[in-house]
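There are 2 protein chains.
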Amino acid sequence: MASVQDIFVSAVINLISALVFLLAFAIARLQPINDRVYFPKWYLKGIRASPRSSGSFVNKFVNLDLRTYIRFLNWMPAALKMPEQELIGHAGLDSAVYIRIYLLGLKIFVPITLLSFAVLVPVNWTSGETLDHIEDLTFSNIDKLSISNIPSGSKRFWAHVVMAYVYTFWTLYILYKEYKKISTMRLDFLASEKRRPDQFTVLVRNVPPDPDESVSKHVEHFFRVNHSDHYLTQQVVYNANKLAKLVEKKKSNHNWLTYYQTKYERDPEKKQKIKTGFWGLCGKSVDAIDYYTTEIEKLTKEEAEEREKVKSEPNAIVSAAFVSFNSRWGAAVCAQTQQSRNSTIWLTEWAPEPRDVYWDNLSIPYIQLSVRRLLMAVALFFLTFFFMIPIGFVQAFASIDGIRKVLPFLKPLIDMDFVKSFVQGFLPGIVLKIFLIVLPMILMIMSKIEGFTSLSSLDRRSAAKYHLFVIVNVFFGSIITGAAFEQLDRFLHQSPTEIPKTIGVTLPMKATFFITFIMVDGWAGIAAEILRLVPLIMFHIKNTFLVKTEHDREEAMDPGSLNFSVSEPRLQLYFLLGLVYSVVTPILLPFIIIFFAFSYMVFRHQIINVYDQKYESGASFWPDVNRRILIGLVISHLLLIGLLSTKDASQSTPLLIVLTVLTIWFHKFCKGRFESVFVKFPLQDAVVKDTVERTTEPNFNLKEYLQDAYLHPVLKGVDFEVSKELDDEEKNSLVATKRTSRRSSKTVSNGTSEDQKTVSEIQLVF
Amino acid sequence: MASVQDIFVSAVINLISALVFLLAFAIARLQPINDRVYFPKWYLKGIRASPRSSGSFVNKFVNLDLRTYIRFLNWMPAALKMPEQELIGHAGLDSAVYIRIYLLGLKIFVPITLLSFAVLVPVNWTSGETLDHIEDLTFSNIDKLSISNIPSGSKRFWAHVVMAYVYTFWTLYILYKEYKKISTMRLDFLASEKRRPDQFTVLVRNVPPDPDESVSKHVEHFFRVNHSDHYLTQQVVYNANKLAKLVEKKKSNHNWLTYYQTKYERDPEKKQKIKTGFWGLCGKSVDAIDYYTTEIEKLTKEEAEEREKVKSEPNAIVSAAFVSFNSRWGAAVCAQTQQSRNSTIWLTEWAPEPRDVYWDNLSIPYIQLSVRRLLMAVALFFLTFFFMIPIGFVQAFASIDGIRKVLPFLKPLIDMDFVKSFVQGFLPGIVLKIFLIVLPMILMIMSKIEGFTSLSSLDRRSAAKYHLFVIVNVFFGSIITGAAFEQLDRFLHQSPTEIPKTIGVTLPMKATFFITFIMVDGWAGIAAEILRLVPLIMFHIKNTFLVKTEHDREEAMDPGSLNFSVSEPRLQLYFLLGLVYSVVTPILLPFIIIFFAFSYMVFRHQIINVYDQKYESGASFWPDVNRRILIGLVISHLLLIGLLSTKDASQSTPLLIVLTVLTIWFHKFCKGRFESVFVKFPLQDAVVKDTVERTTEPNFNLKEYLQDAYLHPVLKGVDFEVSKELDDEEKNSLVATKRTSRRSSKTVSNGTSEDQKTVSEIQLVF
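Note that the protein sequences, when read in sequence, are chains A and B. Those letters in the first sequence? Residues 1 to 766, per the UniProt record's numbering, in order. Those letters in the second sequence? Residues 1 to 766, per the UniProt record's numbering, in order.
A hint or two may mislead.
Since the list gives no way to pick one copy over another, a pair counts as held whenever it fits inside one copy or between any two copies.
Derived DSS-like pairs (lysine-lysine); straight-line CA-CA distance at most 25 Å [stated by the list, open to error]:
{"no.": "1", "residue 1": "K448", "residue 2": "K668"}
{"no.": "2", "residue 1": "K177", "residue 2": "K703"}
{"no.": "3", "residue 1": "K680", "residue 2": "K668"}
{"no.": "4", "residue 1": "K284", "residue 2": "K671"}
{"no.": "5", "residue 1": "K81", "residue 2": "K301"}
{"no.": "6", "residue 1": "K671", "residue 2": "K107"}
{"no.": "7", "residue 1": "K689", "residue 2": "K217"}
{"no.": "8", "residue 1": "K270", "residue 2": "K703"}
These are calculated hints, taken from the structure and not from any lab test. Keep in mind the model is a prediction, meaning the values are calculated, not measured.
Start from the sequences, fold in the hints, and give me the full structure.
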């Protein structure tokens, strides 16, 4: 058990490392050469131009203006400056709502912290006799401030029960207000959006096969009959997955070609050779430039063939379609109703926006989908509870003896002292670390297998899986040491009343561990986020070897995006910790508040300057956020029940169970009250928008507008991809074209034409 | 523990009592005087006339044709004769599908029984060493056929695990087929129905208040705007609950008046006096006929005033309305979509048919509804687990000492030996029995408080509550003796793996108890059902004292109806017992098969000849039936896991858990595949029906047809009620009018015009 001094030392260390990150960031971001790493959002918007175009040569790479260094923290107020409405226009509702989660954390925990320090800390501190008498546990000063300091059966526990009530009601109140606010924001956002294809379009899946008609005709006839006054047009879905792979492969080969060409230009003497075998390790050696040139030629031909095949063969059309209607009302109606008496065919749902579509999953039949979900549910269970078994196996293999046995030729190497200690000391940890890094990808693959049709829903599903993993393995795993499957086994053999006790009793003792965790993972981790070390390095590598033109430079730029499926569940851990420890060990709360405040600033800066979201789902993740905070609240109640019943205060159990029931009811209430806003589109709003549009633009040709909106991006890019190959010389003009088109498409999709003024204001600050 | 002989004796006794009931029924139903008790359905259909109109005087009351007595069981083949299609037309889909549940029981359990007797019984029988050695438990011959006969750790348990797989897959297969069949039946039923108001109508609840407009105008404007092409008309809902009570009270007074008038006519000498005070026990004595005449006059005036008030005052209009559309498509769309961005107002749902509406609940605001559901959920929990506490309290009060203390003046009475032994021996049992009889009413009141808007949904909700009660208190309560809250307490202090063991181990020992239960509750209970003792007595009492005209006789007739909310959950107990004991003690299965076969015949007879359903919901209860059988299946798996792990065969646990997971997945699969058929109305079917109707009857005035369809029945009856009071002399003509109108309304609502032919065929049999 750490004392207050230990915590203080740890806090200082972590604060310093966070400050080092921030300083590094403050210096790095001022260098023009890094401009595209720290402000890619503005480049993508087409507002910021390359700084290389003006000033002296050195100035292009290094910032020599010392005055700018003095105000090295001024990105913070700058990040907070942009008003929320502008932020929504600038970065989209998803991002704006995402950072509100941090704000929500502050709203919940700041009053709770103040109350805790005003009420619970004195209550705990002043009943200080107990701990001195107990000798089998080592307690520290921290514990004097926690619930452990109160003797069993004391009347003082009523203070904790009352505070549990106050905190719960406060949390529910704030959650209700926030849910209401966000649902209004979503509806206003949807209402204020410019015309977008997905407003008029419905995704139809499981189109039944028809022996007499093509899918296209069948879909058209079905909707002409059943939505006679509203049907407008439809777009069948091509199975272009193979084509997409070919395009991807060609692009990669093209990158390698550029790399070798650059190398060749710098040192024309040296022949660039590569091996054609497995991963370039074996096989016969050939000239790299020749090899890639012929490869690209071959792929170009294959691609053209495949493209022809997709466009002509009827088998390439999958049993799904995007059906568009002549009004938002018609689309809203079709998306919300059942079409056929067989509820496994003609499934309609609101179409995701074109960027958001996950094309690979559009054609999975209903029964297969159902089986896939079952298998993935079972897989998730095993992954969550038994992941330590394969890891342990790999760790055993990665030990000295394991390596000796399987790879005997490495024996002389691993017998060296340095290698030996490395293998013994670090390898097991690294194996686990690698697994944890790979985990989100595994979860994403599982979600993809489950057959969701949009990137946003894939992210939400992965987040749900990750959240389960974090709760089981990080939260409970830290409180009760031992692997998850051992916990599971123990819980199966304990009574339901025993489990909260087992966990509750160790809860106060783990407070210092979690405080350290918050500082390392929260404070320093967020500071590392803003430095963007990996994108920084990657950009400079690409910039050196691959970039030949402005367009390449734009390609090399990796703005990244909010990784919702990972960061949201992690963030939920802090809510959970805050809620659980708010009554037990209030001293933990200030650390969480600092985490939320700091994260809020960092992510606000990032979404303004860096991230480029891949899609815009209109904050459709909020019901999940709300539910998970409520799960945290319920866990906190159950653990408090367990803790108090080990303290001879079990008469409080019924009172706390009331809280749990209330929380679950609140969840149901919120679901009924707000969730439909995130799932359905109210007809009233659709009518309003339709009417406004019909009066302002009576002659708009909607059919033409929607014609190619939902074409597979690979098929859409035809002209560009081909022309890029053909006229290699005219790159510059092409880039310009592309930039313009992207800018205009952005404006359409975000629908904010007043960005520019604000943006230039903001730019002045940096 | 009962031996085979005991069971045999019990079987004989119960068979005899069932036979006695059947014989009594066979004789009673042939007496013309009872005709209206045993064939009310035909009277209501207007096909069967009173038998009193022809033949000799005696023949009017007693059947003297001895030949008819010989074939006293021939109602059985007659009941089975009517084909299902005709049955649906005759009695409605609800009834036809309800008796299919019994058929489903046969389909599931007949093959299971055959397999069990072919495989498991020999396996159990031939390993007969164990039980002879155990002395602490008394085993019987029955146990030689059960799983108890197999020694711990025997390889023979594999037979049971394999059979558990076979039975589960067979059950799931049959359930899937049945669900599919029923959903087709429902869709065909809905498609073949004649025009009905509910097809075009949507119930709108939580109409927000508008300061400038009346509810009626507000609703009209809202739907004219948001469903511009489809809106037709609307009907606001009047709060006529007080008026309905007045009408009810007047009717009751009218009955008493008739009663005293009849008595007076029979014995004009004797003055009919009543007391006006509490329950006629105290107060001053007045002439009965005068009293009721003035009372009725007073009520008539009050009623007229209230009627005026309801029709004129704006406050009498509640915030709900029935909105009708010009096509089924329009109604289907409105029912399935969200109207307003605030999902707690303008809630639309498919309107129940006019008979099915529960008028009292139409105006509950959303938040109140949500709170009511929470309270009822908590109340249900306490009712289920703690109902024994108040019962015990009442029982203590109803003891000798309790009565002595509270009602000392009864002391001489209860000190009599006979009264004493009655109070001690029977009263506690009677208190419990009264509670169990009252329980369904309590559950129905709870469902009403929850705010459901149709009688069918109220029935379904009550059934769900009763099912929980039956599982906890009858099934588990019989296996583990002790009150439910003691069980709950025990389970809270046992580990999740321990609970199935505790129950599983006592399972085989309780087989004989459940066999007796099946014979008493199942066999004899169903035979009592067909005798209709209570309606028989009630009819004759009413017939003697109240009936003066044919119309009164029709009123006195109580056809009753399938009491879904009680009989379905009880019936589920037999599925549960069958599934649980199919592997453990197969000897129980034949008893269940007899129950299902016998019940099927009895209820088929009843729905053909007796019951008159209050509403027609189109078998919308089927998803519940399916789910509850699956719950039974899951319980059977868990108990088998527990039983086998006490028998040193816990290596089978993972195999059986796979079955459980599969069953739960099957539930989800069925839900996704079929449930929408019971909740939504597919647009394709709506379009087909609209199109057919538009071509066949292009000039039908739908608006006029729908005008008064959804008026509160009390307001609708205005003309009839008033005229009945005014022209007391013209009763006969009025009755005829009413009969005709009822007949025609029946024909409309059931939509079967070909009934008559079949009906006369059937009548020949009786």
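Checklist entry - Out of the numbered hints, which ones does the structure contradict? => result 2, 4, 5, 8
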